Amino acid sequence: MAGPTTTSLAVKSAQAAGPRTIRNPWWVRVAFMTIAFAFVAFFLVLPLAAVFGEALRKGVGAFFLAFADPDALSAIKLTLTTAAIAVPANLVFGVAASWCIAKFDFRGKSILTTLIDLPFAVSPVISGLIYVLVFGAQGWYGQYLNAEAPWFPALQAWLIAQDFKIIFAVPGIVLATIFVTFPFVARELIPLMQAQGSDEEYAALTLGANGWQTFWYVTLPNIKWGLFYGVILCNARAMGEFGAVSVVSGHIRGETNTMPLHVEILYNEYNFVAAFAVSSLLALLALVTLVLKSFIEWQHTRSRSLKASES
Amino acid sequence: MSLSTLKSRAFRRRILPGFGLSLGFTLAYLGLIVLIPLSAAFIRSSGMSWEEFGAAVASPRVLASYKLSFGVSLLAASVNAFFGFILAWVLVRYTFPGRGVIDALVDLPFALPTAVAGIALTAIYAGNGWVGQWLEPAWAAGVRHLGERMPGIDWAGWLGTKLAFDRAGVFIALTFIGLPFVVRTVQPVIAELQPELEEAAATLGANRWQTMTRVILPELMPALITGFALAFARALGEYGSVVFIAGNQPMHSEITPLLIITKLEQYDYRGATAIACVMLVASFVLLLLINLLQKWSRRYHQV
Chain A
187 MAGPTTTSLA VKSAQAAGPR TIRNPWWVRV AFMTIAFAFV AFFLVLPLAA
237 VFGEALRKGV GAFFLAFADP DALSAIKLTL TTAAIAVPAN LVFGVAASWC
287 IAKFDFRGKS ILTTLIDLPF AVSPVISGLI YVLVFGAQGW YGQYLNAEAP
337 WFPALQAWLI AQDFKIIFAV PGIVLATIFV TFPFVARELI PLMQAQGSDE
387 EYAALTLGAN GWQTFWYVTL PNIKWGLFYG VILCNARAMG EFGAVSVVSG
437 HIRGETNTMP LHVEILYNEY NFVAAFAVSS LLALLALVTL VLKSFIEWQH
487 TRSRSLKASE S
Chain B
96 MSLSTLKSRA FRRRILPGFG LSLGFTLAYL GLIVLIPLSA AFIRSSGMSW
146 EEFGAAVASP RVLASYKLSF GVSLLAASVN AFFGFILAWV LVRYTFPGRG
196 VIDALVDLPF ALPTAVAGIA LTAIYAGNGW VGQWLEPAWA AGVRHLGERM
246 PGIDWAGWLG TKLAFDRAGV FIALTFIGLP FVVRTVQPVI AELQPELEEA
296 AATLGANRWQ TMTRVILPEL MPALITGFAL AFARALGEYG SVVFIAGNQP
346 MHSEITPLLI ITKLEQYDYR GATAIACVML VASFVLLLLI NLLQKWSRRY
396 HQV
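So the sequences go chain by chain: A and B. Basically our numbering = 1-based index in the first sequence + 186. Basically our numbering = 1-based index in the second sequence + 95.
Worth flagging that the hints you see were computed from the coordinates, not collected in a lab. Keep in mind it's a predicted model, so treat the numbers as computed, not measured. One thing to keep in mind: the hints can contain errors.
List of simulated lysine to any residue pairs, SDA-like, C-alpha gap at most 25 Å [claimed, not checked]:
hint, chain 1, residue 1, chain 2, residue 2
1, B, Lys390, A, Lys410
2, A, Lys295, B, Pro112
3, A, Lys493, A, Asp385
4, B, Lys390, A, Gly294
5, B, Lys390, A, Ser491
6, B, Lys257, A, Tyr453
7, A, Lys351, B, Gly115
8, A, Lys410, B, Leu381
9, A, Lys351, B, Tyr362
10, A, Lys351, B, Leu359
11, A, Lys295, B, Gly126
12, A, Lys410, B, Leu118
13, B, Lys257, A, Phe458
14, A, Lys351, B, Gln361
15, A, Lys295, B, Leu381
16, B, Lys390, A, Phe292
Please construct the entire structure, taking both the sequences and the accompanying hints into account.
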């Protein structure tokens, strides 16, 4: 599903159009702008304002009190840990996938590209459910632990001795997060590397560089903005994922609650100020993501127009 | 195919290193993270008998949730198609202070965690909320008025009488999360519209309305439909933002993803898996459709 979550950098920089020669009559322009502004105000500006407004409703003291709660701190820690594992994992995958898809021809390439986008088409709730089916107590993993004559009995004994749990524990949360953020980096890098071609890599190899040197000194500098773009979007989703994580987490306070899940618990306990205070951190993350995203788009357009003026 | 591309194809495979490593890693990671877990849903439900499967996916409560999820997702995607087109047009064609800010803000529904969006929208549109305190009485009066004018239809049952904690809340949440799709698919196409088309239409005597409906809209149609389909697909699976604002009354404002969660909480894994399979098939059909739409749209714009 190309384009479901983001416009790629390549598309973004193509659109730099000024006003045209023919314009609509003034009243059409006024009507269009009024409708557009009202839509933006009711669906984008107000929700954002509501998060901060509700968080500060009872003053700054009540706002900061929400973060004195050890459960809130452990939720923040778990969210950061999850993102710190999920984002690098998908980053490595994204680079590997885009390298083989953009630089080589092989059969089934378009199927592979479609399969990479698959997680975006799946409902977050189902993304969590499938991991419960594989790793839950009723799932394949649970069946393995209870099996009388398992493969690798030593592994089974070790897992039981360690009491290694995946569902309703941190590994499940990380896995579900990796699943929902799976395509972000790859889908950003594939079109970028395809557009750039391989000529510079050939030149590096001709000049005696080995494979890793070619990648580090030639490919990576070329794709660094696309990489960064994919990473910040991946990170925003990883930290904010709710549905998938909610299914696998088990909601154990102070242990398996991420920030969005902590928000839900506070909200359902009618502790609105604290819920919105934690939410405001997440909203801040969203705003930083949008600013960085715009910055990269601006940087990309600029470097392209610089290159265009040089040649 | 020219000689040089033939040559470079033959070269590519041999010269650049890392094909085996990167493809192997990609396939292994894809299989472990995506394909095996996804296949689990189908394998687990294949153990059910047809009667059991049918009972799980077609009970009245589940059918009511499909109707709500599909119906409201369609409605929200249509509303997004209309407003998204206008917003994209304004962002491309008009210059005004703060255009860059609004352009960046369009992606907010992608960046804002859905749970945060859900409670924020509730704070705005609930009966005692920022906007809801004025809008909800108007909504209730409107529904009552419809009921008096056209008594044949159960308007209050269909539309609900409240904004938040009712069907209208589902609509608000799904409109929010689908907002960027239409704007982001239509925006680049508007930017690349050739001014000559409009000039030609004008010289041939078309007025602005005719130019809009006969020249510009047909040109934008593939992108508009693609954006609509993307917003619809996203709305169908959405969970986080909806549960806070929907009220979640069974048979009335309960969406299908929530029903899967409810079944899981009752340890009805087979029931949850069966419904998940129905939703997965719907998503895959949509994915296929969207891929075809995008191919069509690309071909349309090359000609």
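Given pair status - A/Tyr453, B/Lys257, alpha carbons within 25 Å
holds, 20 Å
Take the C-alpha atoms of A/Lys295 and B/Gly126, compute the straight-line distance between them, and say whether it is at most 25 Å.
holds, 15 Å
For the pair supplied as a hint, B/Lys390 and A/Phe292, confirm whether the alpha-carbon distance does not exceed 25 Å.
Given that 25 Å is the threshold and the Cα spacing comes to 21 Å, the pair holds.
For A/Lys351 and B/Gly115, compute the direct alpha-carbon distance and say whether it is at most 25 Å.
Since the Cα atoms of A/Lys351 and B/Gly115 sit roughly 34 Å apart, the hinted pair is violated (cutoff 25 Å).
Quickly compare the C-alpha distance for A/Lys295 and B/Pro112 to 25 Å and report which way the hint goes.
holds, 18 Å
Are the Cα positions of B/Lys257 and A/Phe458 separated by 25 Å at most?
holds, 21 Å
Hinted pair, alpha-carbon criterion (25 Å max): B/Lys390, A/Lys410. Please report holds or violated.
Violated, because 29 Å separates the two Cα atoms, which is more than 25 Å.
Take a quick look at whether A/Lys351 and B/Tyr362 sit within 25 Å of each other, Cα to Cα.
holds, 18 Å
Taking 25 Å as the top limit, are the C-alpha atoms of A/Lys410 and B/Leu381 close enough?
violated, 33 Å
Against the 25 Å threshold, does the CA-CA distance of A/Lys295 and B/Leu381 hold or violate the hint?
Cα-Cα ~21 Å, so holds.
Please verify whether B/Lys390 and A/Ser491 have alpha carbons no more than 25 Å apart.
The hint is violated at about 29 Å.
Restraint check for A/Lys410 with B/Leu118, where alpha carbons must lie at most 25 Å apart:
holds, 21 Å
Consistency with the previously given hints fails for numbers 1, 5, 7 and 8, ordered from lowest to highest.
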